[in-house]
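Residue numbers (numbering that gives the first Met the number 0): 0 to 198.
Since the hints were made in silico from the structure, they are not lab data. Just so you know, even glycine gets a beta-carbon here, dropped at the ideal spot from N, CA and C. Please note that a few of the clues may not be correct.
Stated by the list, open to error - Now the in silico label distances, taken between C-beta atoms and shown as ranges:
hint	residue 1	residue 2	range
1	F177	L197	23 to 33 Å
2	R95	A191	30 to 40 Å
3	R122	L197	19 to 29 Å
4	F177	K58	53 to 63 Å
5	T71	A51	39 to 49 Å
6	P169	G87	42 to 52 Å
7	R95	A170	31 to 41 Å
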Amino acid sequence: MQDRTAATPIRAARALAALCAVAALASGLPAASAAPPKAADGPVYSVRVDNAAPSVPLKGKAAFTVVSRVETGSPYVEVRVRVLRPSGKLFYQRTRVFNDVESSTVPAQFDRDLTEGDLRAGRYPVEVRVRARGTTGKVNEVVTQGRILVYDPVAPRVPLAVVVRVAGAPALDPDGRFVEDPAVTNGPLDAAQDLVALA
Numbered sequence: 000m001q002d003r004t005a006a007t008p009i010r011a012a013r014a015l016a017a018l019c020a021v022a023a024l025a026s027g028l029p030a031a032s033a034a035p036p037k038a039a040d041g042p043v044y045s046v047r048v049d050n051a052a053p054s055v056p057l058k059g060k061a062a063f064t065v066v067s068r069v070e071t072g073s074p075y076v077e078v079r080v081r082v083l084r085p086s087g088k089l090f091y092q093r094t095r096v097f098n099d100v101e102s103s104t105v106p107a108q109f110d111r112d113l114t115e116g117d118l119r120a121g122r123y124p125v126e127v128r129v130r131a132r133g134t135t136g137k138v139n140e141v142v143t144q145g146r147i148l149v150y151d152p153v154a155p156r157v158p159l160a161v162v163v164r165v166a167g168a169p170a171l172d173p174d175g176r177f178v179e180d181p182a183v184t185n186g187p188l189d190a191a192q193d194l195v196a197l198a
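Working from the sequences, and respecting the hints, build out all of it.
And the structure:
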């Protein structure tokens, strides 16, 4: 018999993530995210944007960290962050420079007070550019995207109904018998039970 114990937490986590994503999109408060790291030849190898919070209230503070993986010993690393309004106009820009880095990982922290700027609830794109000069003099840059999600904490809640179509039900032959043992091919059933458990 298939071991279901080890797989159940993974399926539950996936189901929870999917349910949260659906709820977030419907309510206008999706979880924060960034583009996956982009591999490069160096001296900048990859860039990741880590948000301190999934979303930020109006009049709050947006904080995030840009984590760059670079060639160890790079004499110059430049991290530039630009936050755009939903209209595309520039809202915030900041550049941090690191000289003679001793580690292959360079974290750069950024924060922005949202009490100024006449902001509204919405999705604010974040553009991150990391440029570095390696020990051999080679220069390259990596650009990645993220977002800051701003919400109004006093806005009314949005009712949400989740509709799920479960695919992959056990097939039946013309005589009405299972083609495969449902106790073995239990993925769809487990996924449905995981979703029900979250309700």
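Each hint, compared with the structure:
1. F177 / L197: 23 to 33 Å: 28 Å, holds
2. R95 / A191: 30 to 40 Å: 48 Å, violated
3. R122 / L197: 19 to 29 Å: For R122 and L197 the Cβ distance comes to about 25 Å; the hint holds.
4. F177 / K58: 53 to 63 Å: 58 Å, holds
5. T71 / A51: 39 to 49 Å: For A51 against T71, whose Cβ atoms are near 27 Å apart, the range 39 to 49 Å is violated.
6. P169 / G87: 42 to 52 Å: 50 Å, holds
7. R95 / A170: 31 to 41 Å: Since R95 and A170 have Cβ atoms about 58 Å apart, the given range 31 to 41 Å is violated.
Going through the hint list in order, the structure does not satisfy hints 2, 5 and 7.
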